[in-house]
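Undergrad: Okay, here's what each chain looks like letter by letter:
Number of protein chains: 2
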Amino acid sequence: MNAPLQIRRVGIDTWRENVAYLHRDCPVVRAAGFQALSKVEIHANGQTILAVLNVVDDERIVSNCELGVSEDAFARLAVQEGHEARIQHAEPPHSIAALHRKIAGERLGRDELMAIIRDIAEARYSKVELAAFVVATNQTELDREEVLYLTEAMIAAGRRLDWRSVVGSGPVVDKHCIGGIPGNRTSMLVVPIVAAHGMLCPKTSSRAITSPAGTADTMEVLAQVELPFERMVQIVRDTHACLAWGGTADLSPADDILISVERPLSLDSPGQMVASILSKKIAAGSTHLVLDIPVGDSAKVRSMAEAHRLKKLFEYVASHLRLQLEVVISDGRQPIGRGIGPVLEARDVMQVLQGDPQGPDDLRQKALRLAGRMIEFDPDVRGGQGYQIARDILESGRALAQMEAIIEAQGRTLNPPPLGALQAELVADEAGVVLAMDNQRLARIARLAGAPQVPGAGLDLLKKLGDRVQKGELLYRIHAQFEADLQFARDLALKGSGISLGSDEAWARAANLSRGFSL
Amino acid sequence: MNAPLQIRRVGIDTWRENVAYLHRDCPVVRAAGFQALSKVEIHANGQTILAVLNVVDDERIVSNCELGVSEDAFARLAVQEGHEARIQHAEPPHSIAALHRKIAGERLGRDELMAIIRDIAEARYSKVELAAFVVATNQTELDREEVLYLTEAMIAAGRRLDWRSVVGSGPVVDKHCIGGIPGNRTSMLVVPIVAAHGMLCPKTSSRAITSPAGTADTMEVLAQVELPFERMVQIVRDTHACLAWGGTADLSPADDILISVERPLSLDSPGQMVASILSKKIAAGSTHLVLDIPVGDSAKVRSMAEAHRLKKLFEYVASHLRLQLEVVISDGRQPIGRGIGPVLEARDVMQVLQGDPQGPDDLRQKALRLAGRMIEFDPDVRGGQGYQIARDILESGRALAQMEAIIEAQGRTLNPPPLGALQAELVADEAGVVLAMDNQRLARIARLAGAPQVPGAGLDLLKKLGDRVQKGELLYRIHAQFEADLQFARDLALKGSGISLGSDEAWARAANLSRGFSL
Chain A
1 MNAPLQIRRV
11 GIDTWRENVA
21 YLHRDCPVVR
31 AAGFQALSKV
41 EIHANGQTIL
51 AVLNVVDDER
61 IVSNCELGVS
71 EDAFARLAVQ
81 EGHEARIQHA
91 EPPHSIAALH
101 RKIAGERLGR
111 DELMAIIRDI
121 AEARYSKVEL
131 AAFVVATNQT
141 ELDREEVLYL
151 TEAMIAAGRR
161 LDWRSVVGSG
171 PVVDKHCIGG
181 IPGNRTSMLV
191 VPIVAAHGML
201 CPKTSSRAIT
211 SPAGTADTME
221 VLAQVELPFE
231 RMVQIVRDTH
241 ACLAWGGTAD
251 LSPADDILIS
261 VERPLSLDSP
271 GQMVASILSK
281 KIAAGSTHLV
291 LDIPVGDSAK
301 VRSMAEAHRL
311 KKLFEYVASH
321 LRLQLEVVIS
331 DGRQPIGRGI
341 GPVLEARDVM
351 QVLQGDPQGP
361 DDLRQKALRL
371 AGRMIEFDPD
381 VRGGQGYQIA
391 RDILESGRAL
401 AQMEAIIEAQ
411 GRTLNPPPLG
421 ALQAELVADE
431 AGVVLAMDNQ
441 RLARIARLAG
451 APQVPGAGLD
461 LLKKLGDRVQ
471 KGELLYRIHA
481 QFEADLQFAR
491 DLALKGSGIS
501 LGSDEAWARA
511 ANLSRGFSL
Chain B
1 MNAPLQIRRV
11 GIDTWRENVA
21 YLHRDCPVVR
31 AAGFQALSKV
41 EIHANGQTIL
51 AVLNVVDDER
61 IVSNCELGVS
71 EDAFARLAVQ
81 EGHEARIQHA
91 EPPHSIAALH
101 RKIAGERLGR
111 DELMAIIRDI
121 AEARYSKVEL
131 AAFVVATNQT
141 ELDREEVLYL
151 TEAMIAAGRR
161 LDWRSVVGSG
171 PVVDKHCIGG
181 IPGNRTSMLV
191 VPIVAAHGML
201 CPKTSSRAIT
211 SPAGTADTME
221 VLAQVELPFE
231 RMVQIVRDTH
241 ACLAWGGTAD
251 LSPADDILIS
261 VERPLSLDSP
271 GQMVASILSK
281 KIAAGSTHLV
291 LDIPVGDSAK
301 VRSMAEAHRL
311 KKLFEYVASH
321 LRLQLEVVIS
331 DGRQPIGRGI
341 GPVLEARDVM
351 QVLQGDPQGP
361 DDLRQKALRL
371 AGRMIEFDPD
381 VRGGQGYQIA
391 RDILESGRAL
401 AQMEAIIEAQ
411 GRTLNPPPLG
421 ALQAELVADE
431 AGVVLAMDNQ
441 RLARIARLAG
451 APQVPGAGLD
461 LLKKLGDRVQ
471 KGELLYRIHA
481 QFEADLQFAR
491 DLALKGSGIS
501 LGSDEAWARA
511 ANLSRGFSL
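Heads up: the sequence lines are chains A and B, in that order.
All residue numbers for the first sequence refer to this note's numbering, where the first residue is 1 and numbers rise by one.
All residue numbers for the second sequence refer to this note's numbering, where the first residue is 1 and numbers rise by one.
Chain A extracted, bound-state conformation:
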């Protein structure tokens, strides 16, 4: 063990990687032969953390008797600046041996996956080691027992909510969509409907990762979503529901860390997806879940066969973890609703809740069907009656009242962000019927326009699948706040709008294909 150094907080956000900064002339670096990217153990305040070393040549960052630590590492050590720390070469985390077995193509057991996930949750893996785990579990598909063990391990590594003091043995319901469909904001309709039926629905959502809007981003147009944990619990007690951002609740923290490398690598294997979603839901205390898998040429899942394989995997893991799961396979051929982007999507949601005839009917129908399936988790509801009940709740205005109660409880947004004032219109360069809509293209255009960082940016769709379009007629409007953003988005749209037109016959053929959607 080397001589003590003074801790210095280095204000660099390394995104969930512990980084230690040592000056090249620090006696410890020279004596111990630390190299850049060495893994080191830091001991301070009775804590031990692992960190990756960056060697520094600038006294303004650390002097040669200081140990700089990144924001993540500083938070984990929970000490004051100037506190004494010692540093030494780290042995790799114990679970690295299991990681090597996985890289070699072996099957891992429950204890091995538990050890890996515990080390990940405790920030013992470097980014490079995380990437190795993500690739190794992606390349040789995890088998279904491994996915089960991984899910269990991810639940065990974080906090687990228990709503029994609120609902007794009653169901705690949730819904989730695997994503990939712009505008698909059904949660903001389903949650108030189901809560108005009297069911407990404490919904936590993510912000957009690669999409133009997540449910948390859209809800934030209306109300606060970053709620301290205790406040969120109180809101659920009071209103039976919430629509909060899930990042503060420490549910399945290993999942958040894994996503930090899955996202830049664009890797999302079925096993990782199932473990990620189910661990978060079970940790949040859900007992019943409706899961939406949209299928379409530009959706995450491209074929019915793939959707069914994924469904079986979700069902297998859920059944072993005693989660009541209903999987619905839905139409993912186009965006849901008209708006793409937080403000526009919030507008769609509120129109449906308010019974506005302008409200998009596809969003309304999909939300009612999903809510119906959730309502049927109620032991007192007969199979097949859920949809009718959901529609009554919506049409009676009880869903709107429930939403208003949730908004008030979370804290209404005082100055809602405006719709982007800059506009560009995309028109059809020929006549025809809308044959196809490219979800990914439309999402990308909306992101270039500024969504979700600029809540009022995005697309407003005027045409959907099967609509007849005249030459020169408006397909969609692009909204932005900044001229440069508008120009980027318009340029991409002009290179390819994401909307394909064709003949009536072609549409008739496409429309007649039986697709087997369960919703």
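All clues stand as given, with none of them false.
Not everything, but these chain A residues come out facing chain B in the computed CB check (under 10 Å):
no.: 1; residue: Leu99
no.: 2; residue: Lys102
no.: 3; residue: Lys127
no.: 4; residue: Arg263
Label-pair restraints from in silico Cβ distances:
no.: 5; chain 1: B; residue 1: Asp361; chain 2: A; residue 2: Asp111; range: 46 to 56 Å
no.: 6; chain 1: A; residue 1: Ala484; chain 2: B; residue 2: Ala104; range: 28 to 38 Å
no.: 7; chain 1: B; residue 1: Gln88; chain 2: A; residue 2: Ala305; range: 31 to 41 Å
no.: 8; chain 1: A; residue 1: Leu513; chain 2: B; residue 2: Ala104; range: 25 to 35 Å
no.: 9; chain 1: A; residue 1: Ala508; chain 2: B; residue 2: Ala104; range: 28 to 38 Å
no.: 10; chain 1: B; residue 1: Ala305; chain 2: A; residue 2: Leu321; range: 43 to 53 Å
no.: 11; chain 1: A; residue 1: Leu321; chain 2: B; residue 2: Asn512; range: 55 to 65 Å
It should be emphasised that the hints constitute simulated quantities derived from the structure, not laboratory data.
The C-beta atom is built at its ideal place from N, Cα and C for all residues, glycine as well.
Using the hints, position chain B against chain A.
TA: The following block gives chain B in isolation, referenced to the frame of chain A:
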């Protein structure tokens, strides 16, 4: 494209990863929605580089109108501080599509591997992407064509030396050992012997990565090894040889970058090993190579079958790249020579060159056999005569004279590091015959003693396989410079010395096993 920022050099050595540091309050971060670990494109001075973003909260590191860049990125941009730069979201490098195919288990073609390696050599891959490539090519073994393509790509991505102006059509010879055997410093004997025979042998070596000494570390005890490229070429012209560190020559730069993640992951698949070694040798201009694969229970290669598979793979790739290759499979059951650590290994080498009867005979014999194989690359030497020629060169003192000439040319070390003054002795706790020596254990004890950062630290072995030992007799001496190091090393040695003793009968049985070493 966003507003320009001023470049600031941030003195952080990120070890071959381009990192950009932006203040959280920088208008560009807010407008463009950059997140920590976003991949960004930096445009400055007509250059474009990709970098990984770290978000900073400390004005001392970057202000909110500055773009901080890590040392690697600053060197690559080749601008002054304060130069204007623009930054935008980066598309992933084009070759990421091929990486995804490899992760999915597909076979890659020549063009795909060429594109990946070019992007890696140009620092377009983040550490996370590099780790993904290393794991993906490790997990589903590369087939032999892929290894060939990978080798070609690694050669093409860097500088390639050409010695024809020096040797015409004559051979440029080299030797290489795949590593794992402490004390195995045959290069420092083979190079002067072969050069004294008149062959061109421009040897570049690595420093220790995980071992107690590399050839470059050991040679540095005697002479400078960090030579500017032009000076190295001149020395080879003058003396027919060099024993230099290879890090400055820009040979196979992608290999250096890949090693920066293979090392922390402890991954080294046969395909990566073959591509790494052969690309470096061919880029260095070698036409003939003797490759040493030691086999033993604690060596890198543990079985004869594995050694033969590896040999075939080396031979396949070498033959397609017109490199004359002789693979020898050698006895890797124990360290070579007596010393482990730079100063001790240099002592062994000089004793052999000086004909000192104290010189370790196993090191002498192995070097003579390897040198003999290399001398037989000379078209004028009959098969089988090489060993005799090598021995004549060594015994006549011509090898020593050649070594002195190389040392003078590179620049003799003026104040050679002393042998570590602190000592601990490890003695046998029973009588017996040395049945086994654990290369890895002995290497680890030597590293704890301080090698290679402290050149005079390490182990001096007094007993080798088959030696008879009395209870209390000395097995090895540990040398160190610092008391703490000595204590760590001694503690580990007392928990397990790395030397196993047994009965005469056990040794007779072990010694009689036919092992099929070719050297």
